[in-house]
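K.L.:
Residue 219 is where the sequence shown starts when you use this note's numbering, and the numbers rise one by one after that.
Think of the hints as simulated: they come from the structure by calculation, not from any bench. If a hint is listed, it holds; no wrong ones were tucked in.
What follows is a set of in silico ranges between Cβ atoms, one per label pair, in the way DEER data are often shown:
(1) A350 x T628: 52 to 62 Å
(2) A344 x G459: 47 to 57 Å
(3) R551 x V378: 19 to 29 Å
(4) A357 x A253: 44 to 54 Å
(5) T352 x Q457: 46 to 56 Å
(6) D222 x R551: 44 to 54 Å
(7) P479 x R585: 19 to 29 Å
Note that the Cβ used here is the ideal one computed from N, Cα and C, for glycine as well.
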Amino acid sequence: MSDDSSSTKIAAALRQWIATAPPGAQLPSTRSLVAQHGASPVTVQKALRGLAAQGIVESRPGVGTFVRAVRVARPNDYGWQTAALGSPNHRLPHLPAALQPVPNDVIALHSGYPDRELVPERLVRAAFTRVARTDALVARPPTAGLPELQSWFAAELASVTPSGFTPAAPSDVVIIPGSQSGLLTAFRALVGTGRPLLVESPTYWGAILAAAQTGVEVVPVPSGPDGPDPGALARAFEQTGARAFYAQPNFASPTGAQWTPELAEQVMDTVRRHGAFLIEDDSAHDFGMTADPHPVAARDDGGHVVYIRSLSKSVSLAVRVAGLIARGPARNRILADSQAESMYVSGVLQAVALDVVTQPAWRTHLRRLRQQLKTRRDLLVASLREHAPDARLEAIPRGGLNLWARLPDTVDLGRIVRECRSAGVVVGAGDEWFPAEPAGNFLRLSYAGPHPGAFPDVARVLGETIARE
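Given the sequences, and given the hints that come with them, work out the whole structure.
P.N.:
Structure representation (structure tokens):
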């Protein structure tokens, strides 16, 4: 019998004994339990630690282990905090559906995080093993990041920079703990509380959350399957005096849109004309399927584009590392804000990320990932067309992790979400992706989660739910 099953069996036996024992009663000694169950001392101690973690027993070093006294539940009064905290300066949105946990027995299409089979697990495990033998385990990294990782991010962008443009330098890179931290830093350093920030509508919910947290004033710019309306963007700059525009030019979440070179140039003309910044979020860079990403930052050497590229989703959800590339005084302000917020990013995580992306197998993984995502996307698209034709797809994304489906205007979106969940299918309501009122009834459906083989059943549930309206 394994140690885990033995410790579980011992813990179960002790629970039965504790159920009839008075509070404060001393448990049999480790030696007695070893003899009674024929287990090793390590296995017995593991069982006791598990019971202690659950608050069932308490250990007193040098004395023994005792049944913990049952505490009588009583209501807590936190009313005093209302007066102490006062009114919030800004109201944060509710926890997005993408972050809400769900039971294991449901099919989840609401999350924007990739399934375990889509990440290079063997590369990550090997990287942690190697890094654990280095000084990264105990050393403090430079504030702006490990020089080798700064160089990698700069080289990645330089590899797609056309001739005639000065490529980004390693010194332009600031390593940050994930793209969400980068958005907070960029919004604080480049926009500021109470000042306008232009954003696509719909847009990434994390940007809406970061804007609320930093107190910037969000100004929506209509955007669709091809990207933002350039005319509306120009008018928004003129009417608001904004000095920054947040966007995802490659495989935008939630629409999956990828800007054409012509649209990118139109946007940059407008940004330059107004002396403004484009905050480019390239978090889906590694998730192209039938198209490669084309960062707008590669065609800017005037410091107008602040570029954020995360490795968290493509390397591992446990490795929250991203690179932020900015030039000139903007970079200095961003670094100062990042220092104040997090001091530095874990050297271990930086070293692991660098180890993974510099392995020859990393490129092999990305090629395999393209095919995996495409197969999943095509299966979900075909399933929706067959079983839920009223969930209309305005475009098939060429990259990213999700579909953006529009439902009939006559349906009750809340009812759809609730009834699907009751049937064991979790979908994300599109309302969360609009910085203002939604432009219709939308669902964001991820094809990157677990159980892709259930997509036909999921589509059937959705189609039947819509039909009951």
